[in-house]
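Kindly generate the complete structure, drawing on both the sequences and the hints.
Read off the chains here:
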Amino acid sequence: MPLAISGASSQRPSSRGLVIAVAGLLALSIGVQVVRDRGWQPYQPATPLLWFQSGNLLKRVSLGFQNVVADTYWIRAVVYYGGKRRLPGTERDFRLLDPLLTFVTTLDPRFKVAYRFGAIFLTEAYPDGPGRPDLAIALLQRGLAANPTAWEYAHDIGFVNYWWLQDYKAAAHWFEKGGQLLGAPSWLAPLAATTLAQGGDRQSSRLLWSQLGNTDIEWIQRNAQHRLKQLDAMDVVDELNRAAQRFTSREGRPPRNWRDLVVGERLRGIPLDSTGEPFEIDPATGRVDVSRRSALWPLPWPQREVRP
Amino acid sequence: MRTIWIVAGAAFKESVRDRVPYTMVMFAVLMIAASFLISQLTAGQDLKIIKDLGLAAMAIFGLVIAIFIGIGLVAKEVERKSVFGLLTKPVTRAQFILGKYLGLLTTLAVNLSVMTVAYYLVLVYMDVTATVTMRAGWAAPALDPRQVVAIVLIMGELALVTAVALLFSTFSSPLLSALLTLGLWVAGHFNADLRQFEQVVDQPAVAWIARTLYYVLPNLAPFNVRAEVVYGVPVTASHVGFTLLYAAVYIAALLAAAVAIFRRRDFK
Chain A
1 MPLAISGASS QRPSSRGLVI AVAGLLALSI GVQVVRDRGW QPYQPATPLL
51 WFQSGNLLKR VSLGFQNVVA DTYWIRAVVY YGGKRRLPGT ERDFRLLDPL
101 LTFVTTLDPR FKVAYRFGAI FLTEAYPDGP GRPDLAIALL QRGLAANPTA
151 WEYAHDIGFV NYWWLQDYKA AAHWFEKGGQ LLGAPSWLAP LAATTLAQGG
201 DRQSSRLLWS QLGNTDIEWI QRNAQHRLKQ LDAMDVVDEL NRAAQRFTSR
251 EGRPPRNWRD LVVGERLRGI PLDSTGEPFE IDPATGRVDV SRRSALWPLP
301 WPQREVRP
Chain B
1 MRTIWIVAGA AFKESVRDRV PYTMVMFAVL MIAASFLISQ LTAGQDLKII
51 KDLGLAAMAI FGLVIAIFIG IGLVAKEVER KSVFGLLTKP VTRAQFILGK
101 YLGLLTTLAV NLSVMTVAYY LVLVYMDVTA TVTMRAGWAA PALDPRQVVA
151 IVLIMGELAL VTAVALLFST FSSPLLSALL TLGLWVAGHF NADLRQFEQV
201 VDQPAVAWIA RTLYYVLPNL APFNVRAEVV YGVPVTASHV GFTLLYAAVY
251 IAALLAAAVA IFRRRDFK
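As they're listed, the protein sequences go chains A and B.
Residue numbering for the first sequence follows the working numbering, starting at 1 and increasing by one per position.
Residue numbering for the second sequence follows the working numbering, starting at 1 and increasing by one per position.
What the hints contain is simulated information worked out from the structure, not anything from laboratory work.
Just so you know, not all the hints are guaranteed correct.
One-sided excerpt, in silico: chain A residues whose CB lies under 7 Å from chain B [as the list claims (entries may be wrong)]:
| no. | residue |
| --- | --- |
| 1 | Gly64 |
| 2 | Phe65 |
| 3 | Asn67 |
| 4 | Val68 |
| 5 | Asp71 |
| 6 | Arg110 |
| 7 | Val113 |
| 8 | Leu135 |
This structure is a prediction, so every number in the text was calculated from the model and none was measured.
By construction, the Cβ of each residue, glycine as well, lies at the ideal position given by its N, Cα and C atoms.
Structure representation (structure tokens):
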């Protein structure tokens with residue numbers, strides 16, 4: 001009997017078995033992968049490297065798709081920074097952050113967030129960041145050169161000088177420069193005068209952090225809120241140190257513990273910071289500071305108190 | 001003209017049979033997936049990145065269709081020998097070439113239109129769900145109509161690339177045609193460098209050759225205004241007009257060359 005090969009669909013062999021086999025093999029491949037991953041870590045070079053060393057070269061080889069390549073590098077920079085921050089403090093190495101940000105901004109010179117948030121990433125003190133305000137300023141200056149009307153970059157350079165370098169003259173210069181640019185907010189130019197006159201006062205710092213935190217980016221908001229809480233804590237620390245000073249003048253010795261200060265200065269109890277952690281008193285000197293256990297520790301550089 | 005449209009209709013139907021519309025589905029999936037995933041990684045640049053990605057995907061999907069369908073337009077007919085039957089009918093070789101070209105152009109236009117609708121739907125979603133603070137950080141509105149300018153110029157570039165692919169398809173094998181078209185596309189994006197070659201080399205002859213190549217090779221860089229529209233930077237009407245006029249003239253030249261080659265071709 002000849003073999004009948006027919007095109008009629010009713011006589012086609014059932015593919016149910018094959019479908020089940022495909023599903024089964026796919027499930028098996030997942031299982032094999034899970035087992036393999038238990039004993040295998042993908043290769044990570046000891047020294048992380050960038051395949052491209054020049055942003056301009058990368059721009060050329062991206063063949064008109066430089067914005068998408070810039071986006072990819074921006075995502076890589078964000079993931080790199082976030083990933084490093086998750087590591088234990090001693091293993092944090094941010095050396096690729098600046099080259100990645102340089103790539104992004106060379107590929108897409110209008111990428112505002114890469115300049116602004118990139119500068120924030122770069123300035124964060126180690127171990128939360130590389131602690132490189134100089135690189136942040138260089139990045140922002142490149143941004144200003146590429147976008148001469150972007151007052152935000154001048155503001156941010158002023159901010160880096162103000163907060164991280166405490167160079168109030170330079171900060172005032174950049175606030176003033178930013179204030180002269182088209183579309184700059186009305187508060188920026190007066191901030192230059194305040195900075196020059198009262199450099200480092202907490203009111204200006206509050207204003208700057210409030211402006212910076214006015215974003216929909218959760219991380220930036222959290223960071224700004226943290227700084228604002230630290231500024232509040234610094235006010236309380238000043239108040240408590242004044243009380244400790246009064247105690248010392250009266251008793252001829254510094255307060256040794258909270259009991260001394262609470263009784264002597266009629267405080268309502270042991271003061272707590274905004275995270276709920278009690279402030280600490282140094283028994284030797286009677287100086288008050290936030291607790292090392294507090295999320296607010298260490299407080300930023302000692303700013304001058306608000307003038308009455 | 002009617003004959004050209006009949007050939008064009010057949011070429012369009014063939015591309016549908018070749019499952020080209022699947023690219024539209026892939027595009028839509030890519031856009032939707034991107035809109036949900038990217039916001040987790042981009043530190044507040046979702047809209048810019050979705051615009052970049054959407055416009056780039058349109059250009060890339062379109063390029064793939066233009067090259068891989070374009071190179072087979074004529075070569076496949078010759079390979080399958082169906083061209084013999086076609087040319088015995090009252091269809092001139094010029095009508096055949098122009099019909100094939102218009103057919104693929106229709107495919108590309110339909111693809112790009114559907115991708116544009118999918119792109120704008122994702123942007124509508126972004127616009128509706130955005131907070132006031134998010135909007136304040138946008139360089140240009142989500143539904144900025146100027147983005148259409150970039151899409152029109154993408155279509156112009158694809159029309160030119162299709163004509164290049166078709167030209168190669170008239171005398172070369174599909175693989176070689178694909179490589180040549182891709183090569184010209186790459187050269188077309190490096191073209192601006194040829195113009196400035198005289199600033200890099202001292203030899204006037206080399207500079208002259210580079211300048212000649214600049215004018216002869218297709219210049220595709222002006223078709224790319226994606227960065228401008230994403231940032232809301234105005235693209236002048238004269239730039240768009242001249243770029244499209246350049247495309248029209250260059251395409252006419254390529255099609256004329258394709259017809260000339262195809263006319264002389266012996267199918268014995």
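Each hint, compared with the structure:
{"no.": "1", "hint": "Gly64", "result": "4 Å, holds"}
{"no.": "2", "hint": "Phe65", "result": "5 Å, holds"}
{"no.": "3", "hint": "Asn67", "result": "4 Å, holds"}
{"no.": "4", "hint": "Val68", "result": "4 Å, holds"}
{"no.": "5", "hint": "Asp71", "result": "5 Å, holds"}
{"no.": "6", "hint": "Arg110", "result": "5 Å, holds"}
{"no.": "7", "hint": "Val113", "result": "5 Å, holds"}
{"no.": "8", "hint": "Leu135", "result": "18 Å, violated"}
Hint compliance for this structure: hint 8 is the single one not met.
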